[in-house]
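Each chain is listed here by its residues.
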Amino acid sequence: MSRVRILVASEFVMLAGLLALVGISYAIEAIFSVDTPIEVRPISALVIALAPALLWLASFHLRELREAAPKGHVVPTFLFGAFVAGPSAAFIIDLSAHSFEPALNFSSMALERWIYAIAIAGMAQELAVYLVVRYSLYTSPAFDEPIDGLVYMSAAGIGFASYESYQLLQATGGEIFLSAAVSQSAITTLGHASFAGIMGLAMAHAKFSFARHVHRSTALVVGLLAAAILNGTYHAIMDSLSAQDLNSSLWKRASFGFGFAAGAFLLTAILVRGLLESPPPAQKAADE
Amino acid sequence: MSRRPTHDDEDEDLEREEAKAALERARDAMPRAPSFWQQHDLGVVIFALAVFAGGVLAHRRLTTPSLMSFDRDGLHFQRPAGWLPGIRPEPRPAALAETAVNFGGNPLAEAPIDASPQDEFHEIYVSPRDARRRIEVKITPPPLYKNLSGALSVARMAQYGEMYWVRDSEIVSIGKRDWLRTEFRYAFKIDKGGSPQIAEAAEFATMNEDHLYVVVAHGEGRELLEMRALLRDSLKVQALSEPQP
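Protein sequence lines, in the order shown, are assigned to chains A and B.
Okay, so the first sequence: first residue is 4 according to my numbering, each after it adds one.
Okay, so the second sequence: first residue is 30 according to my numbering, each after it adds one.
A portion of the hints provided could be inaccurate.
[Claimed, not checked] One-sided and incomplete, this derived list gives chain B residues near chain A with beta-carbon spacing under 8 Å: (1) D70; (2) V73; (3) F81; (4) V85.
[Stated by the list, open to error] Chain B residues, not near chain A, derived (Cβ > 10 Å throughout): (5) D100; (6) H105; (7) I168; (8) K175; (9) F213; (10) E229.
To be clear, the hints were calculated from the coordinates, so they are not data collected in a lab.
Ideal Cβ positions, reconstructed from N, Cα and C, are used throughout, including at glycine.
Chain A extracted, bound-state conformation (with noise of 0.2 Å):
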């Protein structure tokens, strides 16, 4: 139970942390009078796009430290993510894209926005950031605990957040309200952190079951449509929320990413305490 508690202490640290850093730039805009967006060059891009991240990366570190798990991986997994899986899922997505005219439906609701969001988008990115894990750590001895599916994971959705975080700062055009963007990186990483953790889950229930391997391929598929479906829907509605009246925007959105990213991320935390609370198979083995 006590790698149960510093575990679920440590996310709430780190999504404590999160909120702060959204706080202090909101508290840096209102103190300095700022009500014009800031000029955004690559550097600053680049610091904003990894703040969230390197708050994270450190959260792991101290779990390393607490429980000995091993050392080296988290980062190059974090690495991954971000130059691997990032571009691999923009290139895939950017085939995909409907570059004539695609017929205008400004509906939220539009079945169209919800196909793209989740069966193309979605699903691109959790199958690139499935890929990275997969065929790197998921058949090393540093894959040896249920606790690696989410912690290697979760690294790869932070570096692939911390990519597209920094695509979509340059994409402003250089200029952005400070706030609007420490909130908008913060978001996405909370929020594909909290995707991949749960594919993250899936893969160790997959590696550590004994069932057959038609169950194991199950436990994939389901774990990767619920990664994919959580991340369309997420970016379907913020998307629905962009197009509403820009004033009340970003407080909606704000409110509706941090929700919806802590809600997923909640959801990690308790499915992970079943996963925990079984020894590894080594121990199990031992035991025996």
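Could you slot chain B onto chain A? The hints should help.
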């Protein structure tokens, strides 16, 4: 004469059968090496790619724009139905301004504007998503020059000035008729104080009895390729003596 099987022989056969059955049971109980598909969970990847591909097909089907026909003076093609209604561009002043002057050198009159003759048609259809994405249609009397390519080149020069470059020009067959297709780039400003930009265009031109048809698709990159394909698939010219739709 064959020997009758003894009790010992029967026991040996039974032991052999039992050993064989035990061996088969042991073989079945042994875990089999996973296949290549199982080792790499390729079924999961295939499933994900199938969902992705299905999503792409469904999305394209749902977002393919509806088209509407343009029919005038024997020219027919299709364009996106969601585009803005046709805009008649303002007539441009004559390239060579002619002003009357008195003996003191002061102009007596404005430079004459080249008003389009009644039998000329010039309209532009603009995308509501991007004003640079347009289809321009011109139906005019045939040029004085017999050289269609030269006449079109002069017209383009007059319209876009010096800042225009031809990338490619060839004769293509569309619907059993030869069209001159010219791809070019030109510099423009969206408004007077704006920064200059480079646009791309693909022009299709052909003659039909007493008309010169010029259809120009403006856009960039993939959008221009798609518009070009739309025009290539839908351009038709009907003889003017036939009943018009």
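Each hint tested on the structure:
1. Checking D70 of chain B against chain A by beta carbon gives a least distance of about 6 Å; that is within 8 Å, so the hint holds.
2. Nearest Cβ of chain A to the Cβ of V73 of chain B: about 5 Å, under the 8 Å cut. The hint holds.
3. About 5 Å separates the beta-carbon of F81 of chain B from the nearest beta-carbon of chain A, less than 8 Å, and the hint is met.
4. This hint holds: V85 of chain B has a C-beta 4 Å from the nearest C-beta of chain A, less than the 8 Å allowed.
5. No beta-carbon of chain A comes within 10 Å of the beta-carbon of D100 of chain B; the shortest separation is about 21 Å.
6. At the 10 Å boundary, the C-beta of H105 of chain B stays outside the reach of chain A, the nearest C-beta of that chain being 20 Å off.
7. Listed as a non-interface residue, I168 of chain B keeps its Cβ farther than 10 Å from every Cβ of chain A; the least gap is roughly 24 Å.
8. Look at K175 of chain B: its CB is around 36 Å from the nearest CB on chain A, clear of 10 Å, so calling it non-interface holds up.
9. Residue placement check: F213 of chain B keeps its beta carbon more than 10 Å from all beta carbons of chain A (closest about 20 Å).
10. In this structure E229 of chain B is separated from chain A by more than 10 Å, as the shortest Cβ-Cβ distance comes to about 14 Å.
In terms of the numbered hints stated before, the structure departs from none.
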